[in-house]
Amino acid sequence: MFLRLLSDVRWRPAAPRWSGAARCPRSTSAAAEPPPAPLPGQARVVVCGGGVVGASVAYHLARLGWRDVVLLEQGRLAAGTTRFCAGIVSTARHVSIELKMADYSNKLYQQLEQETGVQTGYMKTGSISLAQTQDRLISLKRIASSLNVMGIPCEIITPKQVAQLHPLINIHDLVGAMYVPEDALVSSANVSLALATAASRNGVQIHERTSVSHVLIQKGRVTGVETDRGKIQCQYFVNCAGQWAYELGHSGDEPVSIPLHACEHFYLLTHPLKEPLASSVPTIVDPDGRIYIRNWQGGILSGGFEKNPKPLFTEGRNQLEIQNLQEDWDHFEPLLSALLRRMPDLEALQIMQLVNCPESFTPDMRCIMGESPTVRGYFVLAGMNSAGISYGGGAGKYLAEWMVNGYPSENVWPLDLKRFGTLQSSRTFLRHRVMEVMPLMCDLKVPRWDFQTGRQLRTSPLYDRLDAQGARWMEKHGFERVKYFVPPGKDLLDLDQSKTFYKPDWFDIVGSEVKCCKEAVCVIDMSSFTKFEISSTGDQALESLQYLFSNDLDVPVGHVVHTGMLNEKGGYENDCSIARLSKRSFFMISPTDQQVHCWAWLKNRLPNDSNLTMEDVTWKYTALNLIGPRAVDVLSELSYAPITPEHFPSLFCKEMSVGYANGIRVMSITHTGEPGFMLYIPIEYALHVYNEVMNMGQKYGIRNAGYYALRSLRIEKFFAFWGQDLDAFTTPMECGREFQVKLDKGMQFVGQEALLEQKQNGVYKRFTMFILEDHDTDMDLWPWWGEPIFRNGRYVGKTTSSAYSYTLERHVCLGFVHHFDEKTGEELVVTTDFINQGEYEIDIAGQRFQAKAKLYPFSSLFTHRRRKDEVELSGYQRE
Amino acid sequence: MELHCLSGLLSLPYCYLSGCKSYRIYAELLAIPVRSSRLPLLSDAMPAPTHLFPLIRNCEISRICSTVCYCHHKHLCCFSSHFAHGHFRYAPQKRFAALYRPKENFNHFIHARDYASTPQRFYLTPPQVNSILKANEYSFKVPEFDGKNVSSVLGFDSNQLPANAPIEDRRSAATCLQTRGMLLGVFDGHAGCACAQAVSERLFYYIAVSLLPHETLLEIENAVESGRALLPILQWHKHPNDYFSKEASKLYFNSLRTYWQELIDLNSGETTDVKEALINAFKRLDNDISLEAQVGDPNSFLNYLVLRVAFSGATACVAHVDGVDLHVANTGDSRAMLGVQEEDGSWSAVNLSYDHNAQNEREVERVKTEHPKSEEKSLVKQDRLLGLLMPFRAFGDVKFKWSIELQKRVVESGPDQLNDNEYTKFIPPNYHTPPYLTAEPEVIHHKLRPQDKFLVLATDGLWETMHRQDVARIVGEYLTGVHHQQPIAVGGYKVTLGQMHGLLTERRARISSVFEDQNAATHLIRHAVGNNEFGTVDHERLSKMLSLPEELARMYRDDITIIVVQFNSHVIGACQNEEL
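Protein sequences, first through last, are from chains A and B.
Per UniProt numbering: the first sequence = residues 1 to 879.
Per UniProt numbering: the second sequence = residues 1 to 580.
Any given hint could turn out to be false.
Sample of chain A residues with no beta-carbon within 12 Å of chain B, all distances over it, derived [claimed, not checked]:
| # | residue |
| --- | --- |
| 1 | Gln119 |
| 2 | Ser213 |
| 3 | His271 |
| 4 | Leu340 |
| 5 | Arg376 |
| 6 | Gly421 |
| 7 | Gln469 |
| 8 | Asp508 |
| 9 | Asn604 |
| 10 | Pro629 |
| 11 | Pro649 |
| 12 | Glu773 |
| 13 | Leu828 |
Which residues of chain B face chain A? A partial, calculated answer using Cβ under 8 Å [what the hints assert, rightly or not]:
| # | residue |
| --- | --- |
| 14 | Lys494 |
| 15 | His501 |
| 16 | Leu504 |
| 17 | Ala509 |
For the record, the hints were derived by calculation from the structure and aren't laboratory data.
Backbone N, C-alpha and C define an ideal beta-carbon position, used for all residues, glycine too.
The shape of chain A in the complex, shown without the other chains (with noise of 0.2 Å):
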C-alpha cells in the first residue's frame, strides 16, 4: 500500500514518544509507547507545524546559530500534506525568486542524506515540460532563458527527442518540450524527517502530538503559546502550519490574516508496470493536459489540477478529517483521459489507489512568507501552492535569514505576507479565488494577466461612470483600475483570445490614449494609491521622518518630495512622494500595495509618541491624474486661479477649489515625467469634478485614459517603480536617484551609512534603459519583464519592466546591468564606462534582441519648460 512510502522512515526522535493521543490512528502501538519529553517552558523560536515546510524553517534556524528552537507538530511530523505530497523537486518556475527557492531545494536535499543518514529517496531523474501548442513553448523557452543564466542546465527539445527520453509517451501532438535534467524525485517525507533530524542533532527541539492553541501576544509582540500540553514562552512564533495556518493565524489574541484555502488535489498510484518503468526515467508535466506523471516503483503516480477544483474546510477544520478524504473518481476523469492521451499504453496498467490530498493555495499563487505587519515576532511560512517540496528548502532558509539577520538574503516582497492585507482575508473571496488560482497553476501565463475571481471589492466612485464609458479593468491589492478604455463602436478580442505573447490587441487603442497625453490632455483615475497623513503638535513629524526618508523634507510648506523610504543597507522599502502640508504635517502618497508594509515599517519605527499621529487616508481622496500640455488650462478654466509655472511650479502641492469644490490638493506631477496635475478629491466630490474636468476639457480634447497609457509614458521616461524595478535590495546609487539623496541634510537617517560607502566605492549594478533596436513590435514576441540581458554576448542581468514607446516607436525595456568577473564571476563595480562600453542584447524565449542601453532619459522627451533638476524621477504602479 501507499503508506509503504512511509514504512522505512521510522522517525525516531531523541525524546521517548507520549502515548495515550486520543487522535492517534493507530492505538494499538501507541499504547506500547513510553511518556512524551516534558515541554520546556520557554524557548527563543516556537515553529508550528512538522512538515516539510516547519522542518526546513527549524533546520536553517540551526544552521545559523539558533539552537533554542521547539518544533511543534499536532500529529506526527511529516503526517499531513506532506505526507501525501508527490516529492517532485522542480526548478521550473516562472517567478524569479521561486525559481531561487526551488534551486536550493534541490541542492539542499541532494545533499541530505549524506549529511545526516536519513535516506531521503532523492533521485536525479530530471523532469520533461510538455508543449502541446506554439504558445506553450515560448512559456518554456522563456523559462529556459531563465534557468540557463542562472546556471541550471536546461534545453529546449524536440518531441523526437522527448521520445527517446521516456519509452512510454505519446509525442504526435507535441510541438515541443523543455528538458531540465537535474531536477528531482525525493520521498517527501524522509526529505522533511531528515531534515528535522538534523535539527534535532543541531539541538531542535521536536514535540509530536502536541497543538497550539493559542499565541500569546503583549503589545503587539509574541510572548508565548499555549498548546494542549502546557505553555511555551517564547520570542519569535513561525506558523508552518500549512492548510490550518489561516485559523492558527486567527487563534492568537491578535488576529494575524493569512490569506490561503485547501482545495482538494488528486493522484493515481498505479501497480508496477509489467516491465517497470525505471527509477531514473523522468518526470512528465504536461500543462496543456493538465498533469504530471512521475515513476513510482515501477508504476507512475499522476494527478494534475483541474479546471473544476474542490475547495474544502471553508468554514475551518471540521469532521472530514484528511485520512477520510474520499477518492473521487468522476472529479479525476478530465485528468485520466489527458494521462491515457499522454500514454495510451497504461490502458491495461492496474489501479492501485486515488490519493486525495489537500493543498493550501494563495490569492496570488505564490506562497506566503514574513513577519505580520501587526504582531513583531509573528512569523509565516505556508501557502505552497501545491509545490511545497520544491520550494520548502529555499523559503524555509530565507525566512530563517529572515528572522536571524533580520532581512533575508534576497528580494522575496513578491512573497511577502504584507502584500496582503486584511482585504484578501474574507472566506468568500478565498475560496472564489483559489478556485481560479489552482487551474492557472497550469494555464498558460502571459503578460498582464488579471484574476477573475474576487473583482470589484475596491472601487472609486467614479467606478461606473469610467465603465459606462467602455474601461477594461485590472485589480491591485483589491482596487479596480483602468487599463484602457475601448471607444464605443470597437470590440477587442474575448478574454481567452486575448492572450498572447506577441502584440495585444489594445495597442492602438493605449497608442491613441498615449497620444492624447502627449499632445492634449488626458484624466487617469489614481485612487488606488496609498495615502497617510502624518502630523504632529510640535516638530516630532518633521524630525521623524527626516530620519525615515532619505530626501531633505525641511522645505518650504507647500512643496512636494520624492523621496525613498530606505532600510539600513540603503535599499527601498518604500518610494514616495511627501507633501508638506504644513509646517507639522505631512501627505505621503506611495504605491498601491505599500497599504499594510508601508503602515507597518513606519509604525514600528515611529516614536511612541501620542503628539504624533499618522492616519491610513486612503480611503478619503479620489485620486485623479490630469497628464498633458493642455491640463494647465483645464484647471486654470475650473479654477479661476493663475495656474502657469510661474505661480504653479513642478513638485507643488496647493489646496484650491475645482468647479464648486473647495479644498481640492492639487500637486503638479503626473507621475510620468508629463506635465499635468494630480488631484486629491474628498471622495464626496469626486463625481462633481470629474464632470467639471470633462465638461471643461472637451474642448482642449480630454479623454479618458488607463495604467498601460501611463506605463508606456513612465517607462519612455526612464521612471523606476516600486515594487517591479526597485525593491529592498536596490539603493538610489544604483538607479540613478543620487538627487533624491540629501546625504547632507544635517542629520542622520536611515541607510546612510550605507550609501555613503557606495558613494565611495561605486555601485555593483546599475539601473539602465534599453531600447529594442532590431525588434519587430507586429511580428516579433513582446518583451515582460525577466528577460535576460547580455552585454558582448556576456549575462549581466535581467529586466524589471518593459513597454512599447509610441514616441520612439521602440520597445523599452529597464533593467539591471551588473559587471561579473569574466573568470570569477565575482560581482564587481560597475562604472558608467562599463555601461557605455558594451552591446547589449536583450533574451526573449531564447531569441535575442539588439538593444542600445542608455543611463539617462531622452532629454528631447522633455517638455522645455521644466528644469531638469526638477524632473520628477518617481511614480508608482506597478504591472
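Take the given structure of chain A and dock chain B to it, following the hints.
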C-alpha cells in the same frame, strides 16, 4: 424502381404509404427508429410495413435513395392536405435495427438530401440544440411572502417541443384568484389545433366558475350587469408563445356568462366539491363548443372558427392543487404522474390518471356498455374508436358525437372551406348510435404527502417514448440535483486505467446533460428525444432528431408538452401535522 413496382402492386392507397416509406428509409439511414404510422382512413387496407423491408434492404442503396427521394417529393406535394388534416395517432413500435454504420449512413443521407429541394444542416451544435429545446420553456416560481412560500406548490416548469407544424399541443397554467388553488393542464389536439387552443383558453374559466361560491358569482354577475370592473378570476402564467384568440373572446365570454347565470339559478347552497366542479366544467365546455358550432356566428371568421374547434378534437389533463388536495381530471390519453421520493432517496412514480384508450380495459368496457351489442365488433378496431380515433374521450370531435343528420346539415350550411374538406364530410364507418365520445373526465383525488415531490403532466408524446419510472427518476434527480450514482471506489478490485476510463466517460455523459437545463421539462424533453439505448442523452441522436425537416418530424416523434409542478414538502408536512 422497386418502390414503383411495389406501389403498383399494392394499388393506389399505397401511394400514400410509399411517401411514408421514403421516410422510413431515411430513418434507416439516420439509424433512428421511425414511429410506425397509420393513416386512419386507410387502416383496414394497411399491411404491416415491416414486411416490405427485407425487399428493400437488399437493394443497392444509392438507387433506393434516388428513387425514394423522387417518391417522397411527389407524394408529399400531392397529398399534403391530407397529411395536414388527417388524424394521426401513433403507437410506438419496435425500433428497427440500424443496418449501416453511422458514418456511412450519414454520407448516404447527405447524398440523398442532394435531391431534395430544401438543403439543411444536419449536425446541430449543442448551442443550436439548446436553443431549439429551450424556445418554449417557461418557469414559474410561486412568489414568497415575508420570506416564506406558504403555498404547497413551489412553482412549475413547462415546455413543449413541436413535431407537427403548427404544433397541436397546448398548455395552460393559472392561479385561481377568487378561490385558493392552482390549475395546470396539458391539451393534445388532433385533426388540427383549433380545439386544443379553445380548450386551453376556456377550460380553466369554466373550472374556476364552477368552484366559485354563490355570493362571488352574484357579485360577478352584478358587476357585468352594471358594467363595473370585474373581479379577476384567474391569473395566467403564460409563455409568450401561448396566445389567446382575441376575436373569439366575446363569444367565449357570453357562453361562460350563461354558464354562471345557470349556476346562480341552480344555487344548491352546498359547498362546491372540487371533483364535481371539474366534471361539470369539462362537460359544460364541451357542450358549449358543440352548441356554438350548431348555432354558428354571423361573423364568417368566427363561424369558421367555431366549426373548426368542434370538428377538431383535444384531450385534456388538468390538475388542481389546493394545499394538500390534488385533483387530476383527465379526458383522453395525456397522463398525470406523481414523483415520490422513497425513504432511501430513490424515485418512484404514481399514476394519477387513467389513459382513455384501447389499452384501458375498463374504458373499452365502458364504451361497449354504452352501445348496443350489435356494434360490439365495430366499436373498437385497430385499437381505435370506430377504427379511427385513439383517445376514447375527447373535447370537440363532433364527428363522433353528433347524429349523421346534424353533421350533414352543419357541414352543408357551413362555409366552403368546411365543405371542401374531405375529412369533415367523411362519416365514420358503423356510425349507428352516437354519441360515441364524451368529454367527461375521470377525476382522481390525492392527498399530498411530504414524500410527494413533484407532478408531471404530459401529453402522450412523452409517454410513448419514456416509461414513467424513468420520468420519475430523471425529474427527481434533476430537481434534487443528486445523482444516485454510487461513487466509484477501487477498493481491492483489479481495475485497469482503461476500464476505469471507460466507466467514467459513460457516467460523465449521463451527468452532463443535467447541467445544460434550467427547466425540468426541458430536461425531460432532452431525454425523451435524445436518449440512446443506455438511457443517456446522445447528442448526435438529439441533433438528428431536431434537425429533421418539418414534414418529416411527425414521423419520428409526436408533439411533446410537459408541465412539471414542484411541491413544497415543508408546507405539505406542516399541513399534515395540523390535520393530525
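Report task. Kindly indicate which numbered hints from before are broken by the structure, ordering the numbers from low to high. Result -> As far as the earlier hints go, 3, 4 and 17 are violated by this structure, in ascending order.
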